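Chain order of the listed sequences is F and Y. Reading the first sequence from the start, the letters are residues 541 to 862 in the working numbering. Reading the second sequence from the start, the letters are residues 6 to 381 in the working numbering.
Just so you know, these hints were derived from the structure itself, not from any lab. Among these hints, one or two may not hold up.
As the list claims (entries may be wrong) - Derived DEER-like restraints, expressed as beta-carbon distance ranges:
#1 F:N669 <-> Y:P251: 26 to 36 angstroms
#2 Y:A195 <-> F:D814: 51 to 61 angstroms
#3 F:R852 <-> Y:I215: 20 to 30 angstroms
Claimed, not checked - DSSO-like, lysine-lysine: derived pairs with alpha carbons at most 30 angstroms apart:
#4 Y:K245 <-> F:K860
#5 F:K860 <-> Y:K11
#6 Y:K46 <-> F:K772
#7 Y:K46 <-> F:K860
This structure is a prediction, so every number in the text was calculated from the model and none was measured. Ideal Cβ placement from N, Cα and C applies to all residues, glycine included.
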Amino acid sequence: MDYLTLIQLLDSTVRLATPLLLACLAGLFSERAGIFDIGLDGKMLAAAFFSAAIAAITGNVWLGLLAGIAASLALSLLHGLASITFRGNQLISGVAINFLAAGLTVLIAQSWFQQGGRTPSLIGGARFNPITLPFADQIEPLPFIGPLYAELISGHSILVYMAFAAVPLTWWILYRTRFGLRLRAVGENPAAVDTAGVSVIGLRYSAVCICGVLCGVAGAYLSTALQAGFIKDMSAGRGYIALAALIFAKWRPWYALWATLLFGLFGALETRPDVIEALIGIKVQGQLLGALPYVMTVIILAGFVGKAIPPRAGGEPYVKER
Amino acid sequence: MDVMPKWAEVVLVPLISLLLAAILSALVILGIGEDPVAAVKLMISGALGSTYGWGYTLYYATNFMFTGLCVAIAFHARLFNIGGEGQAMLGGLGVALACLYIPWPHWSLALLGATTMAAIFGATWAAIPAFLQAKRGSHIVITTIMFNFIAAAVLNYTLVNLMRPAGSMDPATARFPDATKLPTLHDMLAPIGINFSKAAPANISLLVAIAACIFLWVLIWRTRLGYEIRAYGHSESAAKYAGISPFKITMIAMTISGALAGMMAINNVMGEAERLVLNATEGAGFIGIAVALMGRSHPLGVFLAAILFGFLYQGGAELALWTTIPRELIVVIQALVILFTGALDNMVRMPLEKIFLTVRSLRPPKPERKPVEPAE
Numbered sequence: 541m542d543y544l545t546l547i548q549l550l551d552s553t554v555r556l557a558t559p560l561l562l563a564c565l566a567g568l569f570s571e572r573a574g575i576f577d578i579g580l581d582g583k584m585l586a587a588a589f590f591s592a593a594i595a596a597i598t599g600n601v602w603l604g605l606l607a608g609i610a611a612s613l614a615l616s617l618l619h620g621l622a623s624i625t626f627r628g629n630q631l632i633s634g635v636a637i638n639f640l641a642a643g644l645t646v647l648i649a650q651s652w653f654q655q656g657g658r659t660p661s662l663i664g665g666a667r668f669n670p671i672t673l674p675f676a677d678q679i680e681p682l683p684f685i686g687p688l689y690a691e692l693i694s695g696h697s698i699l700v701y702m703a704f705a706a707v708p709l710t711w712w713i714l715y716r717t718r719f720g721l722r723l724r725a726v727g728e729n730p731a732a733v734d735t736a737g738v739s740v741i742g743l744r745y746s747a748v749c750i751c752g753v754l755c756g757v758a759g760a761y762l763s764t765a766l767q768a769g770f771i772k773d774m775s776a777g778r779g780y781i782a783l784a785a786l787i788f789a790k791w792r793p794w795y796a797l798w799a800t801l802l803f804g805l806f807g808a809l810e811t812r813p814d815v816i817e818a819l820i821g822i823k824v825q826g827q828l829l830g831a832l833p834y835v836m837t838v839i840i841l842a843g844f845v846g847k848a849i850p851p852r853a854g855g856e857p858y859v860k861e862r
Numbered sequence: 006m007d008v009m010p011k012w013a014e015v016v017l018v019p020l021i022s023l024l025l026a027a028i029l030s031a032l033v034i035l036g037i038g039e040d041p042v043a044a045v046k047l048m049i050s051g052a053l054g055s056t057y058g059w060g061y062t063l064y065y066a067t068n069f070m071f072t073g074l075c076v077a078i079a080f081h082a083r084l085f086n087i088g089g090e091g092q093a094m095l096g097g098l099g100v101a102l103a104c105l106y107i108p109w110p111h112w113s114l115a116l117l118g119a120t121t122m123a124a125i126f127g128a129t130w131a132a133i134p135a136f137l138q139a140k141r142g143s144h145i146v147i148t149t150i151m152f153n154f155i156a157a158a159v160l161n162y163t164l165v166n167l168m169r170p171a172g173s174m175d176p177a178t179a180r181f182p183d184a185t186k187l188p189t190l191h192d193m194l195a196p197i198g199i200n201f202s203k204a205a206p207a208n209i210s211l212l213v214a215i216a217a218c219i220f221l222w223v224l225i226w227r228t229r230l231g232y233e234i235r236a237y238g239h240s241e242s243a244a245k246y247a248g249i250s251p252f253k254i255t256m257i258a259m260t261i262s263g264a265l266a267g268m269m270a271i272n273n274v275m276g277e278a279e280r281l282v283l284n285a286t287e288g289a290g291f292i293g294i295a296v297a298l299m300g301r302s303h304p305l306g307v308f309l310a311a312i313l314f315g316f317l318y319q320g321g322a323e324l325a326l327w328t329t330i331p332r333e334l335i336v337v338i339q340a341l342v343i344l345f346t347g348a349l350d351n352m353v354r355m356p357l358e359k360i361f362l363t364v365r366s367l368r369p370p371k372p373e374r375k376p377v378e379p380a381e
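Chain F extracted, bound-state conformation (with noise of 0.2 angstroms):
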């Protein structure tokens, strides 16, 4: 395999990787203040309908994106209606939204476009087009340096850009600041939180608002920047990869990058099985290397490498009086 190969693949893995590490920060808030959220894959499809209906219409894609946050932020919303104030069960609840949006962005996208259940295609400004850093032409004759900037660090959409400035915001509101600490005490131990004077359910709710808007941006990422429209059920599981990540992470902003980023290796390696084949020799299949992220994630889980502990009181409503 040569060098130009070698960051082609890695381009489509960072292309790759944007979505997945979006909503694995999306899921990163919830499950930290306790809300277990398996509708990350539900509330990327949503998102992903509206920026691009919305930029189809309108042609101008920062009103898509808007419109996708929204939608994504609306069932965030429902969730947390569910878990939160009637405390419901909150994993029947994030099945409930996936099913939710899988249905609602076909029924809508027919009803207003009749293509199908597709959007028309995005063309021009309807779409985040890549953006060439400065200096890319300039730097692109040098050796190894040259393609390392022009192909892999330029070029991208401002999405990616702003997915991966947001693991070290991430970081720092998790770390660093009076509302990350709380948060991640509710995550742990509500009834501290609580006697403290810190108010659970609006902890919360914040938590899966934030959710709600990473989910949307994810969501209008694969609609208007990684392909040009909206077709039926193109988040294709990509939430549940998140969800993956985000085990194989331990919960932790900076392990997200690194696992989202080697998920979304393998996402660009099922697609290129001839470097595989150069690598190492034998052919595998395909559909052996897309199951890869689940079986490593069971293993993770299992604890055979590295334990993952989730917050102690995920998944568990908090009732105030006992």
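Since chain F is already given, all that's left is putting chain Y on it; use the hints.
Relative to the frame of chain F, chain Y by itself:
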């Protein structure tokens, strides 16, 4: 003391949830510019208006009975088995192996053999997450989700690379031999003079599903094991104190659960398609969640909810055929049912409990009988 009488708990709460789901679905239909009343009429005539419609309704209902029971038995042990889909896929693999590689002399033996294989394959696929939960503490919901994806990959790999007949591009197995053909409802009802549609796929697996419902009822409410499963589901610590092994209950409940999901394959793979195709389960494993929630994890409830969803499925197919409403409407209805009967259960329950409390306080208390004076 319970706040609500039992009938309200069992009948009223699910019915109100269903009503809420129905109202919202009607709004969705209105929102996409169609007429909900006409849609319901079309669904009823399409799903229940002919023996052909009934045949499809019952065929889908058979699938959902198996997957609904699968989720229900796990619920009794307070385990959420979201992996019915994967277990049913593996069950399909078991059925395909049994039908293709064993020369069965008669369909009845084939049914027996295929059911056993389907149950073993489904049970094994559920036993691994159960073991990991019981021994390693990994969350069963996450593991079973992961196992759904792994099952899809395994099935894809097997069909494309191992079981596809030579020269075929289609990722599916060869057609099963004629000896494994299950009698359809048409074949079964013809001798007693009922002319049931020949084209409909409902078959003898329906009876197996009903038998499974009865079996599960006996198991849960009439055996020691069922008692232990329920006790474990109500309180793990109390069950432990009573000498019930959490490991044993988790393993047994999940194995039965997986076996039930796997057995769905005798209906869709052996009874209908008569070969194993890639997307044989069509999401029935997930509908099982809605069915179990709707049926309050009771076998009779599951039976009725499965028929309801069978009706919705066939009705939805008819809608997609005759109107511009896509099939995904059913997914929305399914989501709303899961939402209202599962996650937002308290939203329905809390106001009802309040109503019952006020009614009770308004009614004058019954005159209390004076306790008999103890003899001195």
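Status of each hint after checking the structure:
no., hint, result
1, F:N669 <-> Y:P251: 26 to 36 angstroms, "56 angstroms, violated"
2, Y:A195 <-> F:D814: 51 to 61 angstroms, "57 angstroms, holds"
3, F:R852 <-> Y:I215: 20 to 30 angstroms, "44 angstroms, violated"
4, Y:K245 <-> F:K860, "28 angstroms, holds"
5, F:K860 <-> Y:K11, "28 angstroms, holds"
6, Y:K46 <-> F:K772, "28 angstroms, holds"
7, Y:K46 <-> F:K860, "48 angstroms, violated"
The structure shown violates the earlier hints numbered 1, 3, 7.
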